[in-house]
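Enquirer: Each chain, written out:
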Amino acid sequence: MSKTYKLTTPLNEKQTRELKVGDIVLLSGKLFTARDAAHKKLTDLIAQGKQLPFDIKGSVIYFVGPTPAKPGEPIGSAGPTTSYRMDSYSPTMIANGSLGMIGKGKRNQAVKDACKKYGAIYFGATGGAGALLGKKIKSSKIIAYPELGPEAVREIEVEDFPVTVINDSYGDDLYQIGREQYEVFE
Amino acid sequence: MREIKYNDIVNVIKNMIVQCGTVLPKDAYKAIKDAYENEKSQVSKEVLAQLLENADIAKNEQRPLCQDTGLAVFFVNIGDDVRVVGGNIRDAINEATEQGYKEAYLRASTCEPFSRANLKDTIGYNLPAIVHFDIVPGDKLDISYAAKGGGSENVSRAKVFPPAAGRQGIINYVKEVISDGGGNPCPPLTVGVGIGGTFEKACISSKHALFRDIGSTNEDDEMAKLEQEIKDELNKLGIGAMGMGGTQTVLAVHIESNPCHIASLPVSVNVQCHSSRHSHITI
Numbered sequence: 042m043s044k045t046y047k048l049t050t051p052l053n054e055k056q057t058r059e060l061k062v063g064d065i066v067l068l069s070g071k072l073f074t075a076r077d078a079a080h081k082k083l084t085d086l087i088a089q090g091k092q093l094p095f096d097i098k099g100s101v102i103y104f105v106g107p108t109p110a111k112p113g114e115p116i117g118s119a120g121p122t123t124s125y126r127m128d129s130y131s132p133t134m135i136a137n138g139s140l141g142m143i144g145k146g147k148r149n150q151a152v153k154d155a156c157k158k159y160g161a162i163y164f165g166a167t168g169g170a171g172a173l174l175g176k177k178i179k180s181s182k183i184i185a186y187p188e189l190g191p192e193a194v195r196e197i198e199v200e201d202f203p204v205t206v207i208n209d210s211y212g213d214d215l216y217q218i219g220r221e222q223y224e225v226f227e
Numbered sequence: 003m004r005e006i007k008y009n010d011i012v013n014v015i016k017n018m019i020v021q022c023g024t025v026l027p028k029d030a031y032k033a034i035k036d037a038y039e040n041e042k043s044q045v046s047k048e049v050l051a052q053l054l055e056n057a058d059i060a061k062n063e064q065r066p067l068c069q070d071t072g073l074a075v076f077f078v079n080i081g082d083d084v085r086v087v088g089g090n091i092r093d094a095i096n097e098a099t100e101q102g103y104k105e106a107y108l109r110a111s112t113c114e115p116f117s118r119a120n121l122k123d124t125i126g127y128n129l130p131a132i133v134h135f136d137i138v139p140g141d142k143l144d145i146s147y148a149a150k151g152g153g154s155e156n157v158s159r160a161k162v163f164p165p166a167a168g169r170q171g172i173i174n175y176v177k178e179v180i181s182d183g184g185g186n187p188c189p190p191l192t193v194g195v196g197i198g199g200t201f202e203k204a205c206i207s208s209k210h211a212l213f214r215d216i217g218s219t220n221e222d223d224e225m226a227k228l229e230q231e232i233k234d235e236l237n238k239l240g241i242g243a244m245g246m247g248g249t250q251t252v253l254a255v256h257i258e259s260n261p262c263h264i265a266s267l268p269v270s271v272n273v274q275c276h277s278s279r280h281s282h283i284t285i
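First to last, the protein sequences are chains A and B. Under the numbering used here, the letters of the first sequence match residues 42 to 227, in that order. Under the numbering used here, the letters of the second sequence match residues 3 to 285, in that order.
In short, the hints are calculated from the structure, not lab data. Hints are supplied without guarantee of correctness; some may be wrong.
[Stated by the list, open to error] Sample of chain B residues at the chain A side, in silico, Cβ under 10 Å:
hint, residue
1, ALA57
2, LYS61
3, THR71
4, ILE91
5, ASP93
6, GLN101
7, GLY152
8, ASP223
9, GLY240
10, THR251
Glycine included, each C-beta is placed from N, C-alpha and C at the ideal position.
Please construct the entire structure, taking both the sequences and the accompanying hints into account.
Expert: Below you can see the structure in the form of structure tokens.
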């Protein structure tokens, strides 16, 4: 039976090892946003042994490229983008201390293996619910790569941001389990 | 010859873009609501409830429905008795796209394919628009618009089969595309299937099929039957809303079929996410 947790970032391994696929988590605290282009730059910095623009330990990375903020608002609509495009970078981020990712869509085996080894979690947020999710973001500032526009790295503060555990740290996959339950074979 | 002013075209299209960015069309909203009522999986049901809530928030607070506000795609039928005065029609579409995306705070998602540089800094905001023109009889200008997101476009595919593949080959191919896509294209989906023509004709037909209202019936009885058959098959895949597992993977299958070469059977599958932002107007 799936459980609901309230967690505040940065996460620690004791918290993440408790989570199982299907669990709902309401996340609060800081998240860091990054898509393809930013991931390439971040993992290049790691390869060169240089400092990252944020503390990666226990961090949760949100795969999102928001719409422009209207005047007086912290951010525009901000739902998840498809995660497989980050598959080649995520294991490096996880090996360096990141404990969570938020996106949508399936991940490859290398990401699932890294989750298992380091206790990281892949969370799913509802794709296409950008207006609803944007409202859960209380503040936002660009901390790196402003030249990437919507793909810049932002530090965002969230409150009860709703996500579901898709890949836990035990190798399970909600997409696989969910689909097996409803697939009709003839 | 009927004259239509450049500026009038800009204003009409700009309003279509602004409206589509924040208000889910009625047909799409109803289709998600129906899916919510029919879904057997509690997890998928919860996702569908979030999508309805999201549409309400977007409409009431004029927020973009999704952060992927798409590339602007148009099908424009120009009556042969129409003359556009005050400028070129393609320029009008591009100007409206730039203005609409800026005014509604929609995301500029167009980039150069190699450098991946965002084109908003060089040639304009979310430009160029993708425009398919056709000349038709009459004195009207017929404009269909959709904001086409990248996630669902990424799982779309086309293939030219030998004629022997036949009807079953088409069904199997659509199943393969949707099955492989899983939750990535943001189901529940509208699936556009372009059949026949040439390679590019099949692709454009599959795109055009997505502009039809969800819930409408194909005028061709045979195609209407095939649409229902494919829809039922796809909903047996168990993918569910956002891939969480469930019975409501597909909202609709829309087919457009064209005469083709005796040697080939082109098939294109263009996928549209649950946020089917499309509109149509005749000037």
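Enquirer: All the hints need checking, so say for each whether the structure fits it.
Expert: Structure-based check of all given hints:
no.	hint	in the structure
1	ALA57	holds (8 Å)
2	LYS61	holds (9 Å)
3	THR71	holds (6 Å)
4	ILE91	violated (28 Å)
5	ASP93	violated (24 Å)
6	GLN101	violated (14 Å)
7	GLY152	holds (8 Å)
8	ASP223	violated (25 Å)
9	GLY240	holds (3 Å)
10	THR251	holds (9 Å)
Of the hints listed earlier, those the structure fails to meet are numbers 4, 5, 6 and 8, in rising order.
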